Amino acid sequence: DQQVKQNSPSLSVQEGRISILNCDYTNSMFDYFLWYKKYPAEGPTFLISISSIKDKNEDGRFTVFLNKSAKHLSLHIVPSQPGDSAVYFCAALTSYDKVIFGPGTSLSVIP
Amino acid sequence: DSGVTQTPKHLITATGQRVTLRCSPRSGDLSVYWYQQSLDQGLQFLIQYYNGEERAKGNILERFSAQQFPDLHSELNLSSLELGDSALYFCASRPPGQGNTGELFFGEGSRLTVL
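Line order of the protein sequences matches chains A and B. At position 33 of the first sequence (counting the first as 1) the number is 33 in this note's numbering, and the numbers step up by one without a gap. At position 52 of the second sequence (counting the first as 1) the number is 52 in this note's numbering, and the numbers step up by one without a gap.
So here's chain B without its partners, still in its complex pose (with noise of 0.2 Å):
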């Protein structure tokens, strides 16, 4: 167990539809990351947040948005789905401090299948 709870494990939907991931980092960790890792493919990086504040980004699509509220969790949203977004995203999150080595700590995914 990482310590990093991601809810729903399981998610299918139509497409056109809107979608909530939810991430509880580990406790103490400030950072969340999400990534998505769509069939075969390796994980694509989507955005990361430190302390509610969004830290870097990446190849996260305009209909995708996040966020990290003052209890530290995460959501990321998914809206105007299409058949293309059927992924594992996965949420991860890093122990705070300097000397870090980039070590993430992942939740067991969200697998999300757009009909």
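Here chain A stands alone, though its shape is the one from the complex (with noise of 0.2 Å):
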């Protein structure tokens, strides 16, 4: 079973500081992993992507690391700002063209 997991619903942290998000995944054969970032009332848009053949993808205030030997993603945010608030969405992009998503976590970044 191909699975992504956000095991935190929720995460707050102050203004200026990191935000760490974290994914977890059950299969070894996903090709990329993708974050996605949602507000409400619209669709997810994507943030950033990692190739499961690295361990480090960097754009401005966001980096993705991937381990796979823990089969763990992680989504670095600093510093963090207010807009940043938002639910984010790990996913995950299967050989057979499936993108299939975590749960999400709900990121309060507070002022």
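If you are wondering where the hints come from, they were derived from the structure by calculation, not from laboratory data. None of the values given here were measured: they were computed from a predicted structure. Virtual Cβ for every residue (Gly too), placed ideally from N, Cα, C. Be aware that one or more of the hints could be misleading.
What follows is a set of in silico ranges between Cβ atoms, one per label pair, in the way DEER data are often shown [as the list claims (entries may be wrong)]: (1) A:Arg17 x B:Phe69: 23 to 33 Å; (2) A:Thr45 x B:Gly58: 43 to 53 Å; (3) B:Ser65 x A:Pro40: 44 to 54 Å; (4) A:Asn67 x B:Pro70: 38 to 48 Å; (5) A:Ser10 x B:Asn77: 34 to 44 Å.
Interface residues of chain A toward chain B, partial, derived using beta-carbon atoms under 8 Å [said to hold, decoys possible]: (6) Ile20; (7) Tyr96; (8) Asp97; (9) Gly104.
Work from the hints to combine the two standalone chains into their complex.
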């Protein structure tokens, strides 16, 4: 069974500090991992991705780390800003072109 | 604006009824994905089409069906509706070509309420 898990339903962080969102997966056959951000009443928007052959990808304030041996990835946001408050979904691209999503983590950045 | 258009934005109907949700992908995108998001739940993959052909299937109920037309727009048909079908239904499209990382462009969703 191909699963993507996000075990923390919510996270609160002070503005300016680092936000770390975690994701675990159960299948080693995923090709890419992605993070999406979703505001209320909007569709998810793509944030950053990482190939399964890499261990780090960085884009501005956002960095994704992949630990294949632990089947774990994390998204780091530094520094966190109030506008980052949203639901963050971890997702994975399978070899059959399916993109499956985790349940999401709601991030609140407190001013 | 993602370029993906979904209609209707809101829909209220009764149990046992049938509805059709429509999606127009971004210009040039051949793939369409459908997802269901129930209250406080993640995005459940339903089905994917590529250039008119079904490509992958997820946890889609037998009461649900979909298709992608020659102009690449897609429709998701939900029949014999139950209260538990109330959810946000998202459509997403994906750019063609190798090397695509799986980035999807989502519409704003269709909110279905079954009473």
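Going down the list of hints, with the structure as the test:
no. : hint                          : in the structure
1   : A:Arg17 x B:Phe69: 23 to 33 Å : 49 Å, violated
2   : A:Thr45 x B:Gly58: 43 to 53 Å : 21 Å, violated
3   : B:Ser65 x A:Pro40: 44 to 54 Å : 30 Å, violated
4   : A:Asn67 x B:Pro70: 38 to 48 Å : 44 Å, holds
5   : A:Ser10 x B:Asn77: 34 to 44 Å : 35 Å, holds
6   : Ile20                         : 19 Å, violated
7   : Tyr96                         : 5 Å, holds
8   : Asp97                         : 6 Å, holds
9   : Gly104                        : 5 Å, holds
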